[in-house]
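Using the sequences and the accompanying hints, generate a full structural model.
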Amino acid sequence: MDANCALGVESSLASGLRRKSLLSRVQRPRPALQRPRMLPRGSSQEYASTIGHHSHDKGLSAFIRFTRPHTILGTTISVCSMTFVGAVKSNLMHVLSILGQALVPALLMNIAIVGLNQVYDKRIDMVNKPYLPLASGEFSSNRALLLISFTSAGAMIWGAMCRSNALMLTLIVSLLLGVLYSVDYKLLRWKKFPVLAATCIILVRAFTVHIGFFLHASVPAIESNSLSTISIIVLIMSIYSVVISLFKDLPDTSGDSLYGINTIGVRFGVTDTFRFCVGLLAFAQICGIAAGAHCISTVGSKIMVLGHVATLVVLLLKAKRVDMLSSASLHAYYMSIWRVCR
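The numbering of the sequence shown is the numbering used here, which starts it at 6 and goes up by one.
By construction, these hints were calculated from the structure, which means they are not laboratory data. Do not rely on the hints blindly, as some may be mistaken.
What the hints assert, rightly or not - Listed below are the simulated DSBU-like cross-link pairs for lysine-lysine, each with C-alpha atoms no more than 35 Å apart in a straight line:
no., residue 1, residue 2
1, 134, 307
2, 134, 94
3, 323, 307
4, 323, 63
5, 325, 307
6, 307, 127
7, 63, 134
8, 325, 197
9, 127, 197
10, 191, 134
11, 94, 307
12, 134, 323
13, 325, 127
14, 253, 325
15, 94, 191
16, 94, 197
17, 253, 323
18, 134, 253
19, 63, 127
20, 127, 323
21, 307, 63
22, 127, 94
23, 197, 63
Remember, it's a predicted structure, so these values are computed and weren't measured experimentally.
What follows is the structure, encoded as structure tokens:
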């Protein structure tokens with residue numbers, strides 16, 4: 006009996022504890038629902054404007070990268086120099102007018118040509134240049150093609166309004182060579198073949214741009230001094246164009262070899278191609294020094310000689326610090342060629 010009583014007491018205590026626990030769960034107060042914290046008046050608009058501002062900045066940054074600023078700089082310097090050489094004896098207002106006629110369509114066409122190259126190099130740029138807007142996904146191909154259509158049409162319309170045959174011919178030839186160089190279609194895509202790629206770049210950067218804008222700016226009677234000057238410029242720029250056509254692919258050999266682009270760097274190696282390009286750059290500076298010493302007036306010759314000597318020294322010093330195994334180092338030297346030699 007004593008054992009049975011003990012068991013009964015124990016079971017009653019246990020059942021009492023279970024009831025108490027159950028009641029505490031049922032009667033436990035639920036946490037009060039917190040009202041969402043409201044932003045101060047005007048904060049939502051400020052937040053939205055901040056988001057819009059950041060997206061605007063990103064869009065502007067992507068557009069700037071799409072235009073390839075180093076080519077914009079090169080085109081600007083070429084057009085300005087040829088305008089001043091061609092219109093050397095004109096008054097300042099006429100020179101500025103001619104410069105405005107040439108520079109705006111030249112920059113628009115430059116954007117169209119480099120944009121076209123990015124559209125057809127999208128997969129390669131995912132390996133070689135992932136920072137470009139098409140490769141990174143910031144721009145779609147349709148948006149890029151819309152920009153290309155707008156800029157090329159704008160360049161043509163501007164050129165037609167200027168009523169200059171030399172300007173229109175320069176724009177048309179530049180666009181055609183850009184198509185030959187980049188577009189992946191039968192008998193096109195010249196960039197896949199080193200000789201054709203170099204030929205295309207020389208024709209655009211050395212001949213078409215310099216001779217075309219010189220003729221646009223020059224008076225009907227071209228003086229012999231101007232002809233000798235333009236001849237020297239075309240010679241030196243032809244050498245630079247060869248260097249650019251060879252050197253531009255050196256940082257991109259991994260992606261080029263992956264997609265079957267048989268560039269000189271892929272075929273002969275980065276080191277040998279680099280040394281050959283530096284040799285050509287030195288030869289171009291020596292040509293400039295010789296031309297400045299013999300073909301130009303006294304003050305001009307001194308300035309030209311000093312400029313080419315300084316450029317030669319800078320390029321050689323920078324070349325010694327280049328790491329052949331680093332794409333970033335090679336690309337930095339390539340950018341210095343554009344900055345120093347243009």
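Is the straight-line distance between the alpha-carbon of residue 307 and that of residue 127 35 Å or less?
46 Å, violated
Are residue 197 and residue 63 close enough, with their CA atoms no more than 35 Å apart?
32 Å, holds
Against the 35 Å threshold, does the CA-CA distance of residue 191 and residue 134 hold or violate the hint?
26 Å, holds
Quickly compare the C-alpha distance for residue 253 and residue 325 to 35 Å and report which way the hint goes.
18 Å, holds
Holds or violated: residue 94 and residue 307, Cα atoms, limit 35 Å.
21 Å, holds
Would you mind confirming whether the straight-line C-alpha gap from residue 253 to residue 323 stays at or under 35 Å?
The given pair, whose Cα atoms are some 16 Å apart, holds under the 35 Å limit.
With a cut-off of 35 Å on the C-alpha distance, tell me whether residue 127 and residue 197 pass.
Satisfied, since the Cα-Cα distance of roughly 15 Å is no more than 35 Å.
Measure nothing beyond the straight line between the CA atoms of residue 325 and residue 197; if it is 35 Å or shorter, mark the hint as holding.
Given that 35 Å is the threshold and the Cα spacing comes to 30 Å, the pair holds.
Residue 323 and residue 307: Cα distance at most 35 Å?
It holds: about 24 Å lies between the C-alpha atoms, which stays within 35 Å.
Does residue 127 lie within 35 Å of residue 325 when you go C-alpha to C-alpha?
33 Å, holds
Given the hinted pair residue 325 and residue 307, is their Cα-Cα distance within 35 Å?
28 Å, holds
Holds or violated: are the alpha carbons of residue 94 and residue 197 at most 35 Å from each other?
44 Å, violated
Of the hints listed earlier, those the structure fails to meet are numbers 1, 2, 6, 15, 16, 21 and 22, in rising order.
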